[in-house]
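Protein chains: 2
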Amino acid sequence: MPSFGEYLRQCRERHLSEGDKNYSLRKTAQRLGIEPSYLSKIERGDFQPPSEEVIVNMAHDLGEDPDVLLAMAGKLSTDLREIILKRPKLFAQLLRELKEQPDHAILRITREVQDGEW
Amino acid sequence: MPSFGEYLRQCRERHLSEGDKNYSLRKTAQRLGIEPSYLSKIERGDFQPPSEEVIVNMAHDLGEDPDVLLAMAGKLSTDLREIILKRPKLFAQLLRELKEQPDHAILRITREVQDGEW
DNA sequence: TTAAGTATGTAGTATATACTACACACTATA
DNA sequence: TATAGTGTGTAGTATATACTACATACTTAA
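For the record, the sequence lines run as chains Z and X.
Each residue of the first sequence is one higher than the one before, counting from 53 in our numbering.
Each residue of the second sequence is one higher than the one before, counting from 53 in our numbering.
By construction, these hints were calculated from the structure, which means they are not laboratory data.
Any given hint could turn out to be false.
Said to hold, decoys possible - Reference listing, derived: stretches of chain X covered by chain Z, where coverage requires no fewer than 3 residues with Cβ under 8 Å from a Cβ of chain Z:
1) 112-126
2) 146-154
Claimed, not checked - Label pairs and their calculated CB-CB ranges:
3) X/Leu68 / Z/Asp98: 46 to 54 Å
4) Z/Ser103 / X/Arg96: 28 to 36 Å
5) Z/Leu77 / X/Ser76: 54 to 62 Å
6) Z/Glu152 / X/Val120: 31 to 39 Å
7) X/Gly85 / Z/Gln82: 45 to 53 Å
8) X/Arg148 / Z/Glu58: 22 to 30 Å
9) X/Met53 / Z/Ser103: 43 to 51 Å
10) X/Lys138 / Z/Ser89: 26 to 34 Å
11) Z/Phe99 / X/Gly85: 47 to 55 Å
12) Z/His112 / X/Ser89: 54 to 62 Å
13) X/Asp98 / Z/Leu77: 40 to 48 Å
14) X/Lys141 / Z/Asp113: 14 to 22 Å
In this text, a Cβ means the ideal position worked out from N, Cα and C, and glycines have one as well.
Could you put together the complete structure from these sequences and hints?
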């Protein structure tokens, strides 16, 4: 699995190789509101991943999933954290149960809740 | 709802008022491996809540639920964060669905997973 | 061939986090 | 009436987080 920085560079260069010249390091950095040298160091792994806000902007700019990009940076989005912290006992118990469950089981629960079977 | 510091002091003073003299601020701080003045300031809300490690120690020392105490400090335990970060897409979706669900629905899911109905 | 655009290197900064060390004043006990 | 124990106030520190500013070297298009 690539590191956060490597993955970021891959995404950006994919856009470039598809012919969109707006995905140079400088132009991308400008859209993100950060210094090009900062983005360079993040992509190269010289610096830690940036703040949640910048990562979410990156995800939107690159067409990636914010939660996945945040996870690659070792971060959990604030809204998810708050969902858990409002009912910590309940969610702690559920999550520790689901830890060992396969993907399809979690997906199935999600679907059933969506379908209002609760 | 009391703040983290207020709640901490309530817990500690409960032990004291039940006659256990080991729950003075100084002795408690010593068991926790922190300075008494630091604990004093935390309880009074002069300082931010301490690190996850110290909060978990506090919970054990006071007979409280670590996840609840961490939540009062605005923190999520590392193990729960990691459960989510390993499958961010899956858990993000589930959590955002469960956000609006009542307690009993979440409890019911937890029980059914426990009982191996999946 | 020069001007614009590319990435990168060096050297900082501001703010937050997570504490320690020690002195002080008050209170209960022996 | 010492002294042991109580909580608190002042003043720091070390480390991490999240960046900026500017200079430099290389590349490409006019």
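Consistency of the hints with the structure:
1. Residues of the region 112-126 of chain X with a Cβ under 8 Å from some Cβ of chain Z number 6, which satisfies the need for three, so the listed coverage holds.
2. Residues of the region 146-154 of chain X with a Cβ under 8 Å from some Cβ of chain Z number 7, which satisfies the need for three, so the listed coverage holds.
3. Judged by the Cβ atoms, the range 46 to 54 Å given for X/Leu68 and Z/Asp98 holds: they are separated by roughly 52 Å.
4. Distance hint check for Z/Ser103 and X/Arg96: the Cβ-Cβ separation is about 30 Å, which falls inside the suggested range of 28 to 36 Å.
5. At roughly 58 Å, the beta-carbon separation of Z/Leu77 and X/Ser76 lies within the given 54 to 62 Å, and the hint holds.
6. Hint check: Z/Glu152 to X/Val120, Cβ distance near 23 Å, so the stated range 31 to 39 Å is violated.
7. Between X/Gly85 and Z/Gln82 the beta carbons are some 48 Å apart, a value that agrees with the proposed interval 45 to 53 Å.
8. At roughly 28 Å, the beta-carbon separation of X/Arg148 and Z/Glu58 lies within the given 22 to 30 Å, and the hint holds.
9. In this structure the hint that X/Met53 and Z/Ser103 lie 43 to 51 Å apart at CB is violated, the actual value being about 29 Å.
10. Hint check: X/Lys138 to Z/Ser89, Cβ distance near 32 Å, so the stated range 26 to 34 Å holds.
11. For Z/Phe99 and X/Gly85, the hinted distance range of 47 to 55 Å is not satisfied, since their beta carbons lie about 33 Å from each other.
12. Judged by the Cβ atoms, the range 54 to 62 Å given for Z/His112 and X/Ser89 is violated: they are separated by roughly 46 Å.
13. Range check, X/Asp98 to Z/Leu77: Cβ separation about 45 Å, and the 40 to 48 Å hint holds.
14. A C-beta distance of roughly 19 Å is found between X/Lys141 and Z/Asp113, which places it inside the suggested range of 14 to 22 Å.
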